[in-house]
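K.L.:
Okay, here's what each chain looks like letter by letter:
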Amino acid sequence: MPPILEVRDLRVEFPTRRGTLTALDGVSFDIAPGEVLGVVGESGAGKSMTGAAIIGLLEPPGRIAGGQILLSGKRIDNLPYEQMRRIRGREIGAIFQDPLTTLNPLYTVGRQLIETMQTHLPLSDKEARQRAIGWLEMVGIPAAAQRVDSYPHEFSGGMRQRVVISLALCAEPKLIVADEPTTALDVSIQAQIIALLKTLAREKRTAMMLVTHDMGVIAETADRVAVMYAGRIAEIGPVRSVVKSAKHPYSAGLMASIPPLDRKVDHLAGIEGSMPRLSAIPQGCAFNPRCAHVFARCRIERPELLETGSTRAACWLYDPASEKQAPEVMRHV
Amino acid sequence: MASALARAFDSDLWWSFKRSPVTVASALVALVCILGALLAPWIAPHNPFDLATLNLGDAFKPPAWAEDGDPLFGLGTDDQGRDVLSAIMYGARISLLVGVCAVVFSTLVGVAVGLLAGYLGGTADSLLMRIADIQLTFPSILIALLVDGVVRAAVPREVHDQIALFVVIFAIGISAWPQFARTVRGSTLVERNKEYVLAARIIGISQVRIMLTHVLPNVIGPVLVIATLNLGFAILAEATLSFLGVGVPPTQPSLGTLIRIGNDFLFSGEWWITIFPGIALICMVLSVNLLGDWLRDALNPRLR
Amino acid sequence: MFAFILSRILQAIPVMLVVALISFAMFAYVGDPVSIMLGQDFTEAQRTQLIKDLGLDQSFLMQFSTFIGNAAQGEFGLSYRLSRPVAQLIGERAPATLELAICAASIALVVGVAMGVYTGLYRNSWLSRAFLTFSLVGVSLPPFLIGILLILIFSVWLGWLPSFGRGEVVQFGWWSTGFLTWSGLKALILPAITLGLFQLTLIMRLVRSEMLEVLRTDYIKFARARGLGNRAINFGHALKNTLVPVITIAGLQLGGIIAFAIVTETVFQWPGMGLLFIQSVGAADIPVMAAYLMLIALVFVGINLVVDLLYFLVDPRLRVGRGAAGGH
Chain A
1 MPPILEVRDL RVEFPTRRGT LTALDGVSFD IAPGEVLGVV GESGAGKSMT
51 GAAIIGLLEP PGRIAGGQIL LSGKRIDNLP YEQMRRIRGR EIGAIFQDPL
101 TTLNPLYTVG RQLIETMQTH LPLSDKEARQ RAIGWLEMVG IPAAAQRVDS
151 YPHEFSGGMR QRVVISLALC AEPKLIVADE PTTALDVSIQ AQIIALLKTL
201 AREKRTAMML VTHDMGVIAE TADRVAVMYA GRIAEIGPVR SVVKSAKHPY
251 SAGLMASIPP LDRKVDHLAG IEGSMPRLSA IPQGCAFNPR CAHVFARCRI
301 ERPELLETGS TRAACWLYDP ASEKQAPEVM RHV
Chain B
1001 MASALARAFD SDLWWSFKRS PVTVASALVA LVCILGALLA PWIAPHNPFD
1051 LATLNLGDAF KPPAWAEDGD PLFGLGTDDQ GRDVLSAIMY GARISLLVGV
1101 CAVVFSTLVG VAVGLLAGYL GGTADSLLMR IADIQLTFPS ILIALLVDGV
1151 VRAAVPREVH DQIALFVVIF AIGISAWPQF ARTVRGSTLV ERNKEYVLAA
1201 RIIGISQVRI MLTHVLPNVI GPVLVIATLN LGFAILAEAT LSFLGVGVPP
1251 TQPSLGTLIR IGNDFLFSGE WWITIFPGIA LICMVLSVNL LGDWLRDALN
1301 PRLR
Chain C
2001 MFAFILSRIL QAIPVMLVVA LISFAMFAYV GDPVSIMLGQ DFTEAQRTQL
2051 IKDLGLDQSF LMQFSTFIGN AAQGEFGLSY RLSRPVAQLI GERAPATLEL
2101 AICAASIALV VGVAMGVYTG LYRNSWLSRA FLTFSLVGVS LPPFLIGILL
2151 ILIFSVWLGW LPSFGRGEVV QFGWWSTGFL TWSGLKALIL PAITLGLFQL
2201 TLIMRLVRSE MLEVLRTDYI KFARARGLGN RAINFGHALK NTLVPVITIA
2251 GLQLGGIIAF AIVTETVFQW PGMGLLFIQS VGAADIPVMA AYLMLIALVF
2301 VGINLVVDLL YFLVDPRLRV GRGAAGGH
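For the protein sequence lines, the chains are A, B and C, in the order given.
Numbering-wise (this note's numbering), the first sequence opens with residue 1 and increments by one.
Numbering-wise (this note's numbering), the second sequence opens with residue 1001 and increments by one.
Numbering-wise (this note's numbering), the third sequence opens with residue 2001 and increments by one.
Think of the hints as simulated: they come from the structure by calculation, not from any bench.
Where is the CB? At the ideal position from N, CA and C, for every residue including glycine.
Wrong hints could be hidden among the right ones.
[Stated by the list, open to error] Okay, derived cross-link-like pairs now, DSS-like style, lysine-lysine, Cα gap no bigger than 27 Å in a straight line:
1. A:LYS204 - A:LYS126
2. C:LYS2221 - A:LYS198
3. A:LYS126 - C:LYS2186
4. C:LYS2221 - A:LYS174
[Said to hold, decoys possible] Here are some chain C residues the structure puts well away from chain B; computed CB gaps all over 12 Å:
5. LEU2006
6. LEU2010
7. THR2066
8. GLY2069
9. LEU2098
10. LEU2127
11. LYS2240
12. PHE2260
13. PRO2271
14. GLN2279
The following block holds chain A by itself, in its conformation from the complex (with noise of 0.2 Å):
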């Protein structure tokens, strides 16, 4: 089946006062219909950044600097805005971290829905109030029909995500850019809000990309997992084999950083230094000063995403080429 979403070789840019960052360099990903691809990542590492290209909504001044990202197999970067915006919410959903900010706090729930779906698909304003009654049984909202029309603040902070994820989903998206979708959220909220995404993705054989920095809900939810590491993708491949047998040295880090549930630990293992910013992104690997396996190459070159056998990482350690060369430290490869 064809992807739903290609991205090829996205760079975002930044001009700024002390000349141009690049937020995203290089990205490459796609995602299949009814497939739920996590991206993960430190803050900073360019995961929203990479939600809000695709759903056209970047802070100015960040513009897309070059590569393409394609839905259904049509180009959507280049587009003007107005047809842009016929594709938000009707093509691509989106659900935002905070539920109590996202929602426009001076109208019903109901009235969102209704201009949201009215915006996009031809409804009666009889037919668009069922369907937003519909929704909001459907995102799990007792006494919906008494609900939809009550305003934000008289819902609960999980139940306005739950309204947020109605939003996302009412002119039935093929695709939903989730950023953060739990982050916000308590702890107890958060798995049921997670369960109703992975529900309705599955029902609606809705495709998702979950940007998240939390590995619990993508080892729950995705199917593939991106990792992301200043701006670039540094590991992309099946959650299984991502967090079983991570390949790149920074997911490998991520992933032991993790608390296992089944046993005790009295030491995480932690990855040493912190992101660089994105004024100062070293030569060759972005990665290469806090990496255990760092050898002349690295800081020189920088990797493409090469096929490690079950995931795809973007390492000279997995470049035949490298093998003459040996790592200035081995500890384990």
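Place chains B and C on chain A using the hints.
P.N.:
Positioned in the frame of chain A, the structure of chains B and C alone reads:
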């Protein structure tokens, strides 16, 4: 406090100053206005208060570039034969004096009240802030007018003429203190609960000293901004009061007084008597306001 | 709703009492009303009689409550300057000020909000920059100078519009209106612009900054992400949220118009309450000043009440009890 000022005027501020041509221009205009006003007795072409040099024959001369202008009187003369340019320079002196004094006065009152309210908290705080709230409900020009009117009624006319300048300063100053008090109170509340203040209290430093040495330096930045923005307001308020005829005494005409006097001759065609003082007033206030705007943005972009 | 209005009215009472106290203190303690009212020649008996008539021999509380009782009935005694009942003087001049204030407020609101929305939406267009520069000049120009400049241009040089007075007025009972005659309308133009300009620039700057603030919020981004049209986002979602803070400040600003009318009325010799007030300040005519102060306080309290009600209508968060608001 010196260190706080030094911190405020570090290189960032200077850099943002040089980068903004409007700011540099308004600083120049402000400088010209202030120097012209301060040095009026020495650099003004005539002394408008020296009756000996006044000649009624010189009355109503249009500006020098007009058809029957006199090069002696660059901006023309008024009904008494006074040189308009000199009158403006002397008038700006009074305007500036009243403006600066009023701002200093309201700053002192406002900062003191704000520190007290923020530091003491409780009933004192709510009482002081309630008063500030009630006063803020009314336009300050109305407050200033009322204060002026009450003083006028309370003291005999001869006494009033003598103290009129102080009355105006007091009236304008008292109408602007709540703004300072509110800002200072807010910052004080934040500072008061910080650990270093707590520590200072525990080691037994007196309350007054804590306020002056620890809390005050931290609130000085916003106060400086409000004071600058208020200088423009105070000059305008004085001009308005004087224009309404209840401001400074006619023996010490400010820009507002000159505009009021000139206004009577607008219809007979002698527009310069009122328009030039008006332009001077606008230049002064606009440049001060622009400087204040810049200072606000430069010190704290989020401060409104 | 009713409880809400009632609580607001109750909150306004202390403010009115404080203002009344100040007015009363001016009345009773500033200057010497007795000698002012008696003039030059009087006997001791006349003096005692007047003190008794004015109630000045009674206790403070008695005097104050009498004052409030009288004030509530619009009774403020005689003007020192004109020896006529203050209520009558103010009543004669109120229509002129109110008509002027209504026109100025309408100009300020309509034009100010429109310009604010425009400059907020099209931040970088040259027209926005022009509006902003204009607003800065508007804030720095004192109203009396604006008036003088307008008179110079439109009355003296062009001769299009009258420079003073109300023109012909039509009398409806005690209300006199300039709205119904051509000359009355023409006379309104310059004063209304003068009075409204300052508030206009303030409202414009306020709407602009609020608009910019709101356009940055998550719910506007989310509205874009839902694919809503620009019109719906800008005028439905953004403008309505902008209204909440704008209503408060604009409300207070409009109250300011009544007070600033003092200056405008002086420039244009507009026969309203402001002109009466400034003449009274000059002549230390305390009863008129006290009455005017009370009246202005009443206007402000009224405007605050209207502002609160508008809030109530615009923002649903205020309509429910506080308890329901925060259920996380």
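K.L.:
State for each hint whether it applies.
P.N.:
To see whether the hints hold, each was checked on the structure:
1. A:LYS204 - A:LYS126: 23 Å, holds
2. C:LYS2221 - A:LYS198: Given pair LYS2221 (chain C), LYS198 (chain A) holds - Cα atoms ~24 Å apart, limit 27 Å.
3. A:LYS126 - C:LYS2186: 52 Å, violated
4. C:LYS2221 - A:LYS174: Judged against 27 Å, a Cα distance of about 20 Å means the pair holds.
5. LEU2006: Holds, since 20 Å exceeds 12 Å.
6. LEU2010: At roughly 15 Å from the nearest Cβ of chain B, LEU2010 (chain C) sits farther out than 12 Å, so the non-interface label holds.
7. THR2066: The claim holds: THR2066 (chain C) sits with its nearest Cβ about 21 Å from chain B, beyond 12 Å.
8. GLY2069: Per Cβ check, GLY2069 (chain C) is outside 12 Å of chain B; nearest 23 Å; holds.
9. LEU2098: Per Cβ check, LEU2098 (chain C) is outside 12 Å of chain B; nearest 17 Å; holds.
10. LEU2127: Given a closest Cβ separation of 19 Å, the condition holds.
11. LYS2240: 22 Å, holds
12. PHE2260: 7 Å, violated
13. PRO2271: 16 Å, holds
14. GLN2279: The claim is violated: GLN2279 (chain C) sits with its nearest Cβ about 9 Å from chain B, within 12 Å.
The structure fails hints 3, 12, 14 (numbered hints given earlier, in ascending order).
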